[in-house]
Amino acid sequence: MSETLLDIEGLHVRFGGMHAVRGTALKVQRGETHCLVGESGCGKSVSALAVMNLLSRGARRDATRMEFMGQDLLGLSESGMSKLRGDAMAMIFQEPMTSLNPAYTVGSQMAEVYTRHRGGSRNAALLRAAALLAKVGITAPEMRLAQYPHQLSGGLRQRVMIAMALMCDPKLLIADEPTTALDVTVQAQILRLLLELQRELGLAVLLITHDLGIVARMAHRVSVMYAGEVVESAPAEALFAAPTHPYTRGLLECVPVPGRVRRDEKLGSIPGTVPRVREGFAGCGFRERCSQAMAECAGTIPARERVPEHRYLCRLAPDWRAA
Amino acid sequence: MRAPAIEVRAVTRHFRQSTGLFTAARSVRAVDGVSFSVPTGSCFGIVGESGCGKSTLARLILGLHPPTGGEIVVEGQSLQAMDRRARARLIQPVFQDPFSSLNPRRRIRDIVGLPLAAQGTNPAQRDRQVDAMLERVGLSAEMGGRLPAQLSGGQRQRVAIARALVLRPRIVVCDEPTSALDVSVQAQILNLLAELRRDFGLTLVFISHNLAVVEHVCDEVAVMYLGRIVERAPTDTLFRAPAHPYTRALLASVLTPEPGLGIPDVGLGDSYPDPANIPPGCRFHPRCPIAEAGCSERDPSPRALDGREVACHLV
Amino acid sequence: MINFRLIAAVLGLVIVGVVAFCAVFAGWIVPHDPFVQNLDGRMIPPLFMEGGQAGHFLGTDQLGRDYFSRLILGARISLLIGVATVITSGLIGITLGLLGGFFGGRVDDVVMFAITCRLSIPLILVALTVVGLVGSSLTVVVLTLGLLLWDRFAVVARTTTMQVRNLDYVAAAWASGCSVTHIILKEVLPNIVHHLVVVATLEMALAILLEAALSFLGLGVPPPLPSWGLMIAEAKDYMFFTPWVIMVPGIALFVLVLGINFLGDALRDILGATRDA
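In the order they appear, the protein sequences are chains U, A and R. Residue numbering for the first sequence follows my numbering, starting at 1 and increasing by one per position. Residue numbering for the second sequence follows my numbering, starting at 1 and increasing by one per position. Residue numbering for the third sequence follows my numbering, starting at 1 and increasing by one per position.
Honestly, the hints are just simulated from the structure, not real lab data. Do not take every clue at face value.
Chain R regions said to be covered by chain A (calculated; three or more residues, Cβ under 8 Å) [unchecked claim]:
1. 171-181
2. 205-211
3. 221-230
Derived list of chain U stretches under chain A, where covered just means 3 residues or more per stretch with a C-beta under 8 Å from a C-beta of chain A [as the list claims (entries may be wrong)]:
4. 47-58
5. 269-280
Built from N, CA and C at the ideal position, the CB exists for glycine as well.
I would like the entire structure built from these sequences, with the hints used as guidance.
Written as structure tokens, this is what we have:
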């Protein structure tokens with residue numbers, strides 16, 4: 001029996017005249033990895049920032065529901081929110097160098113997170129930090145505790161970020177493109193680590209990425225975002241076996257897979273570019289690039305279900321490709 | 001048999017890096033003894049991780065840096081001996097970041113027309129050629145009046161390609177041409193490059209960290225590690241049966257969109273390569289899963305093995 | 001919400017615009033010849049004070065010259081010195097900065113040495129010495145200030161050039177077969193010019209203040225030319241009896257320098273924004 005840890009419905013984020021997130025719904029179950037996938041500007045990172053209430057000034061968020069472990073996040077004050085962040089809800093970002101403070105050692109930053117949320121002595125916190133660094137595969141953790149962020153390589157820094165996120169035994173880890181800045185071999189190592197930790201600690205992970213390869217290998221459940229909306233959401237196997245929204249299908253065909261497309265053949269591609277959705281935009285955000293677009297796509301789009309748990313936002317019937 | 005389009009002969013490139021007032025400047029060997037040749041009309045891929053020297057190699061082939069040692073011969077002529085205009089007619093670049101590769105203060109027409117202007121083409125003829133080339137890469141001639149900031153990433157990369165092709169060069173060096181683009185746009189650009197390559201009979205040097213992309217576009221691939229080529233082979237051979245342990249690790253870390261396969265163990269330790277501090281012996285030995293005692297002492301030289309070249313003692 | 005930046009920008013534009021208008025059209029605006037003395041009508045207070053006369057809006061000075069006319073002509077001198085100094089120092093500083101930043105290595109070492117030397121020169125003392133030795137005239141003041149105020153241009157041009165030099169569009173220009181001159185003037189310079197415009201406004205304000213200081217010490221523009229600094233100097237003997245004689249040019253100087261700085265801030269915002277858009 002799974003338990004919903006994070007439950008969001010009808011999330012909207014607006015900046016100036018832009019409507020960055022348009023009614024996103026997202027459920028993350030305890031112990032599962034939920035991937036939020038999409039291209040730049042689709043609203044995936046903004047959605048995550050909205051959950052943590054870390055949006056930049058001038059952004060407005062509203063939602064019909066936003067609950068974390070049964071607690072209403074919408075009514076929570078900033079001080080209540082900062083008690084949650086880094087504690088039950090931890091996060092790691094794309095560029096660890098910008099999220100680590102260059103003026104303090106790794107150890108003091110890790111210890112600070114723990115003592116701020118849990119109190120206790122600094123030495124106890126440092127012991128815990130050393131144990132966690134060892135857990136994320138860092139050799140000689142005591143030496144690393146005394147180092148400054150710039151003395152570490154990109155891969156090590158991201159390991160430190162993960163260890164830091166684990167300091168207070170979070171229930172939910174939000175990871176925004178955690179491996180995009182890393183080399184491919186290091187990316188594989190970091191993702192493998194995340195996978196192990198997730199299984200071992202029963203973490204729920206909200207993984208934000210643009211890379212469908214990562215999604216396929218990591219996710220239990222996938223939500224595909226486009227132009228501020230979740231256009232398709234399904235368990236990973238179902239999504240890759242039967243991608244139903246025209247955007248998801250197009251995106252999967254764009255990815256070069258060794259051995260799948262002959263060299264003299266064209267890759268599948270989606271014409272045009274990702275739109276920026278302005279206030280007042282209605283209908284399907286994909287219709288200008290969609291080969292199946294029709295006049296009704298400018299109206300309200302119904303949410304349909306291919307099979308239970310596999311929902312998509314399109315007028316087309318689930319078997320449109322076959323027809 | 002025709003002469004190869006590009007011949008790189010034992011090329012090295014060192015950078016001096018001063019670390020402080022009282023320490024001697026260190027020499028960083030970004031490219032260290034690289035040799036290969038690219039047959040006319042083929043696509044040569046160079047893959048490797050950050051700091052392996054692949055971008056430096058691209059700049060050497062473009063003549064933007066002089067090599068510290070060795071020689072680069074393009075279409076039978078030494079690159080260093082060539083006049084800058086003659087070189088521009090022969091070889092052109094496409095860079096990674098379409099936001100920094102276009103001068104933000106110039107109109108698209110002037111950006112694409114720059115190589116023509118440098119050759120002294122008259123303005124009327126220049127504009128005609130620029131408009132034709134813009135349409136050839138899938139943009140409209142009216143875009144010529146816009147500034148780069150008014151274009152999307154994919155459109156900017158098309159502009160960069162138009163600029164590279166406007167002189168009808170023989171060779172185009174693409175340094176990570178799609179890494180900064182979204183997946184759906186990346187596919188458009190790769191298809192466009194393939195089409196232009198066929199139509200113009202181009203020789204391509206294609207540099208990328210994305211092995212799946214390299215597999216799709218290249219005929220032959222060289223894998224670089226800390227300034228050296230560790231393996232060079234026809235694409236099919238390399239992807240079917242990688243020989244060097246580093247190539248194997250790289251291939252293992254390609255994450256194809258196939259659910260249920262999990263994340264592979266690439267078998268590399270947690271030490272990371274540092275170009276300013278190259279280990280003795282085989283450069284890869286600190287991370288190598290099959291390294292033996294001798295690997296930290298002897299530097300392997302490349303040798304032929306079933307139609308490929310590989311630099312490893314143990315394969 | 002009140003947009004202070006917008007207010008400052010408009011204010012800067014208006015102030016500089018009005019002063020520039022006065023400077024250019026001084027010949028038409030002045031109600032009296034600013035050099036004609038009238039010893040019978042000395043120290044007439046401004047119109048808004050007790051004893052003011054209709055003919056003299058800002059009164060007259062110690063030699064009976066019309067103060068408003070002198071202020072207008074003084075605007076011309078002050079702005080002329082500001083603009084000419086910025087052109088001279090800008091040419092020197094930007095050239096040095098571009099060369100050092102673009103070529104690096106030995107060239108940069110030489111440029112850095114020159115900047116360091118310049119920074120260790122006590123500005124006002126050297127200016128005083130030079131003007132004192134050569135004798136004061138408008139040209140001497142402009143050249144002295146121009147040869148001394150290029151350091152900030154050089155520093156800013158150098159660092160911004162170093163950033164732009166490594167961008168891919170510069171590499172693309174090299175690969176296009178462009179000449180070094182073309183790359184420096186057409187690819188690099190247009191992309192650092194918005195930083196230099198801000199420096200130019202700061203230096204212009206500084207030059208105007210320095211000229212005022214030199215004139216105050218009697219080593220600026222020679223009398224009877226009415227520079228604002230000279231007007232302050234001439235007024236200082238009377239300031240305890242008739243404070244307005246020193247306040248009029250003083251306030252004018254303050255307002256102009258403030259306006260130039262506002263304008264510089266606004267230009268930075270505008271030019272910076274178009275770059276990022």
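Outcome of the hint check:
no.	hint	result
1	171-181	holds (count 9)
2	205-211	violated (count 0)
3	221-230	violated (count 0)
4	47-58	violated (count 0)
5	269-280	holds (count 5)
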